[in-house]
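Heads up: the sequence lines are chains A and X, in that order. Letter 254 of the first sequence, counting from 1, is numbered 254 in our numbering, and no numbers are missing. Letter 62 of the second sequence, counting from 1, is numbered 62 in our numbering, and no numbers are missing.
A portion of the hints provided could be inaccurate.
Any copy will do: because identical chains look the same in the list, a pair fits if it lies in one copy or spans two.
Simulated crosslink set (DSS-like; lysine-lysine; CA at most 27 angstroms straight-line) [as the list claims (entries may be wrong)]: (1) K100 x K207; (2) K100 x K198; (3) K220 x K198; (4) K6 x K60.
Just so you know, the hints here were simulated from the structure itself, not pulled from any lab data.
Number of protein chains: 2
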Amino acid sequence: MSEIRKHYFLPEYCIIAEGRAKRPSDFAGAAKDSEKNHSESCVFCGGNEEKTPPATAAYKKGEIFADTEKKRVRNWDFRCFPNLYPALSPAPPSPGFRGKGLEAFPGFGFHEVIVESPVHGKKLEEFSDAEISGLMGVYKDRVCHYAAREKIRYVSLFKNSGKAAGASQNHSHSQLLALPVCPQVLERELKAIREGEKCPYCVLLEKEKTSTRLIRENSKFVAFAPYYSTGPFEVWILPKEHISFLGDFSPELLFALGEILRAVLRSYGKVLGNLPYNHMFYQLFETPEYHLNLRLMPRISTAAGFELNTGIYINTVSPEKAASYLRGDINEPTREKVGREK
Amino acid sequence: MSEIRKHYFLPEYCIIAEGRAKRPSDFAGAAKDSEKNHSESCVFCGGNEEKTPPATAAYKKGEIFADTEKKRVRNWDFRCFPNLYPALSPAPPSPGFRGKGLEAFPGFGFHEVIVESPVHGKKLEEFSDAEISGLMGVYKDRVCHYAAREKIRYVSLFKNSGKAAGASQNHSHSQLLALPVCPQVLERELKAIREGEKCPYCVLLEKEKTSTRLIRENSKFVAFAPYYSTGPFEVWILPKEHISFLGDFSPELLFALGEILRAVLRSYGKVLGNLPYNHMFYQLFETPEYHLNLRLMPRISTAAGFELNTGIYINTVSPEKAASYLRGDINEPTREKVGREK
Numbered sequence: 001m002s003e004i005r006k007h008y009f010l011p012e013y014c015i016i017a018e019g020r021a022k023r024p025s026d027f028a029g030a031a032k033d034s035e036k037n038h039s040e041s042c043v044f045c046g047g048n049e050e051k052t053p054p055a056t057a058a059y060k061k062g063e064i065f066a067d068t069e070k071k072r073v074r075n076w077d078f079r080c081f082p083n084l085y086p087a088l089s090p091a092p093p094s095p096g097f098r099g100k101g102l103e104a105f106p107g108f109g110f111h112e113v114i115v116e117s118p119v120h121g122k123k124l125e126e127f128s129d130a131e132i133s134g135l136m137g138v139y140k141d142r143v144c145h146y147a148a149r150e151k152i153r154y155v156s157l158f159k160n161s162g163k164a165a166g167a168s169q170n171h172s173h174s175q176l177l178a179l180p181v182c183p184q185v186l187e188r189e190l191k192a193i194r195e196g197e198k199c200p201y202c203v204l205l206e207k208e209k210t211s212t213r214l215i216r217e218n219s220k221f222v223a224f225a226p227y228y229s230t231g232p233f234e235v236w237i238l239p240k241e242h243i244s245f246l247g248d249f250s251p252e253l254l255f256a257l258g259e260i261l262r263a264v265l266r267s268y269g270k271v272l273g274n275l276p277y278n279h280m281f282y283q284l285f286e287t288p289e290y291h292l293n294l295r296l297m298p299r300i301s302t303a304a305g306f307e308l309n310t311g312i313y314i315n316t317v318s319p320e321k322a323a324s325y326l327r328g329d330i331n332e333p334t335r336e337k338v339g340r341e342k
Numbered sequence: 001m002s003e004i005r006k007h008y009f010l011p012e013y014c015i016i017a018e019g020r021a022k023r024p025s026d027f028a029g030a031a032k033d034s035e036k037n038h039s040e041s042c043v044f045c046g047g048n049e050e051k052t053p054p055a056t057a058a059y060k061k062g063e064i065f066a067d068t069e070k071k072r073v074r075n076w077d078f079r080c081f082p083n084l085y086p087a088l089s090p091a092p093p094s095p096g097f098r099g100k101g102l103e104a105f106p107g108f109g110f111h112e113v114i115v116e117s118p119v120h121g122k123k124l125e126e127f128s129d130a131e132i133s134g135l136m137g138v139y140k141d142r143v144c145h146y147a148a149r150e151k152i153r154y155v156s157l158f159k160n161s162g163k164a165a166g167a168s169q170n171h172s173h174s175q176l177l178a179l180p181v182c183p184q185v186l187e188r189e190l191k192a193i194r195e196g197e198k199c200p201y202c203v204l205l206e207k208e209k210t211s212t213r214l215i216r217e218n219s220k221f222v223a224f225a226p227y228y229s230t231g232p233f234e235v236w237i238l239p240k241e242h243i244s245f246l247g248d249f250s251p252e253l254l255f256a257l258g259e260i261l262r263a264v265l266r267s268y269g270k271v272l273g274n275l276p277y278n279h280m281f282y283q284l285f286e287t288p289e290y291h292l293n294l295r296l297m298p299r300i301s302t303a304a305g306f307e308l309n310t311g312i313y314i315n316t317v318s319p320e321k322a323a324s325y326l327r328g329d330i331n332e333p334t335r336e337k338v339g340r341e342k
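One chain only, chain A, in its complex shape (with noise of 0.2 angstroms):
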């Protein structure tokens, strides 16, 4: 039994087909990655600052340092600083030639890393009311910081959490990129978005408000399953205000999206166990079209050939059972059939 859905707004569909039995405890199974709380040897914990690049902001006390060579900031509270292998950097060498036709740019941008406590083993889950609004105010600081940079297009900013997600540091962590293009995947948003008469994502939300795929909502923001998820248990946590760019949230604004990030974070922890997830901000600066966005997705299942060959995902939890779930609608999981193997 399954049904083929239609995104939102664009063009993109996706399966859903709910076939075995799986309970959402069987995925925590399936994908748990090893939790290692050893500090000593983690270059991201409080006191190994000479084992990174220096800082370029370390946040203490709501105030803002930078390390030098010589000498590093201690006791912080958040640290942003260069990834030491980055994807992309401020001066990079010009490409090679290539052959006619074939388009190359120097990979110039930005690759920052941000720590987000220096507890070894802290999940934003357990995060303080202060302690998550300031790390929101410091995803605002630093999307400011490169959105402002010339030639920045895009700023991407993400977390990858466990192994399965790829992270490749078992420490609590965020990611920054700025990018010279838009990507495609915006640019298609937008292109949408511009001709239609409404946001989308305004029209969107007002459905998803009463739907059975609402998860909570709080004064500022409504975090739901969406009708068309690419995997299980997938959230969308979207600003009731129409509101295109982090940077231009207020701090009620950033207060209460780290309040239902952490809330949300605590029904996956519930559900699903200390499962490897993403989250991603969709946002745009100077665009006010655009309609800001925060996705969760949890690592538990693969990408295989079908989705590489047609980018149709087939998801084997109904975003509605998911939404459930997510809730605490269901506390003793029946072995009722959500799960399908590949």
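Following the hints, position chain X against chain A.
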């Protein structure tokens, strides 16, 4: 040191970022599958035909037979049957009501498994000439079988080899999904192809035939590491002749396709060891503008938050370097920097 490369003819980008010291053999260690040559419990092995749904087509010495519920064909060479946990099915129920403005279609379609040999543990690269071209013939037959069905608009033919590539069965097999929609991925390519004067695949073929990215060619096909590569050691195989559909392949083309595919897989084995990989056919029927191509993707890197956020892939091995390894130019990998950790 990195560069941003544009796709041959789509407005899409990838980042080639050769960073940390990694040899291909290091990749091999990282993602190696546990090879189990058990046969007793394998439902795909010859002799265990009762353990799967009845075969729609069992190929035996060039002839095609079909199972009945009561009697299964034995001693087959290739065996095709419906996936026990199909993502799509021929007679699905209608989707439930999901709310105004949300589109869903019944999960109509076909999902087939193609078992490539009765022998457990036998790999495509070990196939004889007759076996590999026989398999290409089966691919052609099955694609034609489903392309001819009413309401089918795309047939996705792919192979998941190894657990990290999405395979749940160790025994060598491919899969086929026949869909009632044409994937956007293909629609976008087709739009760009129709807007140009010449077939862009014919154009890129001319370029790659003499480039440093060429891996090998035979009378009918060219195999190369594409300039725009979304992952380490990605390979594209293109027919020299402009042909859009596997259904139109002559026996000579089928033979040459099998020959070059097997050769690339042997190169993978030499350079990367027993690494998980996917291969996918990109093709369209009743669309002569399209130029069929077969893509191979070893599963070395993990798509993380950045890739999910932007659709831009960071590839740590340049296609020029990958081709050099796969051609066998570099037999004793030096300690060159060809990898990067996230």
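Comparing the hints with the structure gives:
no. : hint        : verdict
1   : K100 x K207 : between (50 angstroms within a copy, 8 angstroms between copies)
2   : K100 x K198 : between (43 angstroms within a copy, 16 angstroms between copies)
3   : K220 x K198 : within (20 angstroms within a copy, 52 angstroms between copies)
4   : K6 x K60    : neither (46 angstroms within a copy, 41 angstroms between copies)
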